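Chains A and B supply the protein sequences, listed in that same order. So for the first sequence, the working numbering puts the first residue at 47; every next one is plus one. So for the second sequence, the working numbering puts the first residue at 47; every next one is plus one.
Hints are computed from structural coordinates only; laboratory data are not their basis. Note that the coordinates shown come from a computational prediction; the quantities given were computed from them, not determined experimentally. Zero decoy hints are in this set.
Treat identical chains as interchangeable: a pair holds within one or across any two.
In silico lysine-lysine, DSSO-like type, Cα no more than 27 Å apart, as pairs:
1. LYS93 - LYS72
2. LYS684 - LYS527
3. LYS467 - LYS104
4. LYS475 - LYS72
5. LYS104 - LYS475
2 protein chains.
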Amino acid sequence: MVQKADKLFINAHVLCMDDDFNRYEKGAVAVTGDHIQAVGNMDQLTKEYQAPEVIDCKGKILMPGLVDAHTHVPMNLLRGLGDDLRLDVWLLGFIMPVEREFVSPEFVHLGTSLACAELIRSGVTSFADMYYFEDQVAEATAEAGLRAICCQTILKFPSPDADSYEEALAASETMIKNWKGHPLITPAVAPHAAYTSTVDILGSATALAQKYDVPLHIHIAETSQEVEDCLDEFDMPVVPYLEQFDVFSAKVIAAHCVHIDEREMHKLVRYGVGVAHNPTSNLKLSSGIAKVSRMLELGLNVGIGTDGVSSNNDLDMFEEIRLAALLAKGSSGDPTVVPARTAIAMATSMGAKCIHLGDLTGSLEVGKKADLILVNIDTLHNSPHYRNDPNSVYAQLVYAAKSTDVTDVMVDGKWLMREQKLLTVDIDKLLPQAQSLALEIDRFLVERFQSVYSKLIAIGGAEEQESYEVQIKVKVDDPEKVITKLEESELEILYSRHYHEFDTYFKFEDPKEGWLRYREDEFIDAKGEVENVRYRLTLIGPQREKHFPQDVLLSRSRFIAPAPHSLRFYKEYFKPTDETYIEKDRRRWKVSFRNIEFFINFDRLDEPGLGNFLEVKSRTWSLEDAEKKAQVADDLLKLLGVQSKASETLDYVQIIETQP
Amino acid sequence: MVQKADKLFINAHVLCMDDDFNRYEKGAVAVTGDHIQAVGNMDQLTKEYQAPEVIDCKGKILMPGLVDAHTHVPMNLLRGLGDDLRLDVWLLGFIMPVEREFVSPEFVHLGTSLACAELIRSGVTSFADMYYFEDQVAEATAEAGLRAICCQTILKFPSPDADSYEEALAASETMIKNWKGHPLITPAVAPHAAYTSTVDILGSATALAQKYDVPLHIHIAETSQEVEDCLDEFDMPVVPYLEQFDVFSAKVIAAHCVHIDEREMHKLVRYGVGVAHNPTSNLKLSSGIAKVSRMLELGLNVGIGTDGVSSNNDLDMFEEIRLAALLAKGSSGDPTVVPARTAIAMATSMGAKCIHLGDLTGSLEVGKKADLILVNIDTLHNSPHYRNDPNSVYAQLVYAAKSTDVTDVMVDGKWLMREQKLLTVDIDKLLPQAQSLALEIDRFLVERFQSVYSKLIAIGGAEEQESYEVQIKVKVDDPEKVITKLEESELEILYSRHYHEFDTYFKFEDPKEGWLRYREDEFIDAKGEVENVRYRLTLIGPQREKHFPQDVLLSRSRFIAPAPHSLRFYKEYFKPTDETYIEKDRRRWKVSFRNIEFFINFDRLDEPGLGNFLEVKSRTWSLEDAEKKAQVADDLLKLLGVQSKASETLDYVQIIETQP
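Okay, chain A solo, but in the shape it has when bound:
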């Protein structure tokens, strides 16, 4: 008896991507409603099924739609915003300041719609997302007709959509309630990473995932730094650290896992965690190369993800599949690992399992959702093709085919693209919106980047403390003698300190920018040991000094900020044209003299070896005040028995620069 179907695909090379890798060179698939009704040889199926819509797939591969196992779709709008940069410079210097300023529900909706269009074009039918305003991701994805795990990000610091993590957790629960049960959208929760979460976040997010039986999406061991920090702080790598808080009791999607060890892999297998491998992003940000072939050997479900376009810079799963296959070979020294069929499985059936949608999608099997694509392999760059090996069709998809060979996409039984025409997203309307937003962001960045000062503000570091000092600097031959004099004097000593200071001065093309100083202050205790280290950044602004008699210098404006990042970060972020390095030993007294507070520094310049200096400094706020303090400072010098005529009106960095 002939059965009825809604749609009948005929004349296709069908790759089922089921457990047995069934394949029909002249195959057919029947679809009814949202699901697959039958898969098999065309001769047989055309006898058994009739449908009002018959799709002739001559010269094409019919296969499950691809699964993008880890992405941040709204970042589509930030494509190419800062490339060839180190992770921290890219994230703190570009992405985060822009996100703070621009990410809104509208931004997220627009970015998601365009990302969906791009994903559809590259043959993706399901993806796992993680971003802010995830409700809008879900909304736009449902409109585009794609299947997605939409995971609301939770961070321990304020984010574009939440001032606190409690707010983000509450938003997650609301989103989960709103979307739970939707045919396309699986709402979920995303504590961003171990190092950006508090213990409370990890616990609460896990509880939420369990309460609603939804996935939990998290970045794990993306960089070696993350692992080192975790080892330093908690004496264990990231996976066991998370295990303590029961995180893996949820259905976890673990993005990256570049730096997990063998034992961590075994743990992930045991907990049924899905690993999302992001080859392009991991190379582009230099995070490293995940040990994918070993993970597969151990039985992990490894999916493939594009990550966000900002670190990719597109959503082309064909590129990711190819790179996953190539990279495993190149990094292992074994060209037989991650063969083409495995790579395609990672992007379909295994990818679906990785994001915990294996029961619904990822393979062409009776009863599964009709999430499928057609790929034209009759093009120039796909020709000729060989069939002496049953695996060659997978190899053709991985090594020769391109995303632009995808002609048709169906999700949940509905067409999203027919003959390369997008049916659910109006990109002609949306692209100009995206470009005008990009122009706004360009303007914002140009403004922020116009001066060293504004770049300092942009990374959120500088507290805007403008300050002036009066300053006398005198070369002294025998500092000990002066110190004895100081200690025996009538001066009220408020405190004394001992530092060893390592200063790097950045110089910029425009001298008006002044210098930016990165200082490492070692606090030396009474026993001469380093008891603490402080990192500070000081912007020594354009020269506005005034010279007083007695060679007192009224110094530049200074903006001081803690320096939480590395010297390397600041170099790459500020891109100075020149650098000067100064290392000195500083003994400092804070004293009160005629009711004015002064710092008295005894500096021994070790690198370069310029000898000993005495500095007397005091903060000031008006010219009148400065003039008065300049006089008192000079008196202070006299009290210490030092002649001010030998004084220098320059900063150390200037003394060095003016030397022959």
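Mind docking chain B on chain A? Use the hints.
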């Protein structure tokens, strides 16, 4: 005064890729004849130049055409013929047997034409080739209108177009004479690699390159194996080895250079050698990752190549450029190396220098050949774009754009593609020819791969020596006693030997295939030292034995061949379903007994530890002869005082298999 030009490109984002990286966001280029007449801002150029053909490039990048610095274009016809295999299995098991059988002038012409079409589509305007019948490569390339260095391959062993290297050298000279001076084709010579060349080849090829002032194209240090072998044999790595023969006095294009050290890099810089980096091929064949960022630091001209499609599997330079940029970051741990602009330079200006065409092509500069392309960056996957950083346009090309965004291609002032329509290659005519050839090759391979025997023949190893033996095998408790008896007997001892044998038996699904034995024979000298090692492959054919009285076995047919490759190679090539390993000590006497030659083997089975056996064997060629020899063998056993009733009718591998 307004000047005349043939063609005027306006409204383009022009990337000159000259030494100063000049860039015009609203730029124009004037072309006259085969060369570039002017480059600059549109406003200015449209005032200065008029042309009958004005090309509006709105939304597009106008840039130099890409340079594919290393490829084997005719291999286009072998796309996807054997993937996910190790280099030797792929080369010896698939590529070489097929090349021996199918590569002809017609094959080369067809493959080149289709490759040119694919190259044009991906924006390539120049390439450096290396293959057989290179005259035909030149012919087809000139027809397609592309610029190329066509390098005739020279190998020390017979190739599809030359029975000897002298023949290949002569063909090279003829080709060079024929093509020297052609506007598009630069003929050249290609000693394939150090390890496939004799000293004579290296010298003669270099002399030829110098005589005609043409480039010399060679593979250098593609695999670590190549370097290890060179160190073992010549006590130096590949670059100094080649330096001895003055090879670098020619204009050398060195493909791969994956495993060269710092000193070798310095040498290549000194000699002005161009290095062709092939990232996909090096990953796919697991050759390794070339130290590109270090090479660039040292000032080497590093170009980017696709290599042949058989190890890629396409000719998509956009993929290669992206991978070159990504891989350098991922492998160095520094995401700032090989930034996008550098990657584009490697594929254009530096690529042209790498193949010694830097004076002609690779940048948009007045007087250079008009080799240029248009790339549409107004597509979905390229949007939006940011311009706050002048380098972002290069980043867009590298990380977001695709080869399918190339819309127009011009070489030597002539259009090869307009609005994605190929103008010089009729692919609709050629593709069916390529596919029918692929079908023929499929049939050839299916036939070759139908049995272990034909696979053995396909790799050229087996000499077709079919042989049978009569064989008695007896377990002996005290072999020394029997040996004494043998030495004291009347037997004429022809010689005696001592071996230690390591045998791996491959078993196949179909028992009719018999076993394939890989044997490592250590020849032990009188002092007990290993004096030599021999590797042999024996196909122990389907059982055809007949049992005689006295438990004499008439053995299987045997094909014996030297085994020049590794055990690993044979495993991956023959893909046995099972393996058995046997290690034994063998003392062998060749004796003459009643005018019949016999081998008498005293075998001590060490792994598995089965004890001592005595074997008596003799070759035979007819049943009658076998029957006679079986009788004599039994008498020989008696002479040695061994009872034949304890004899075994099985091979060792069968004895092991039949054990519990």
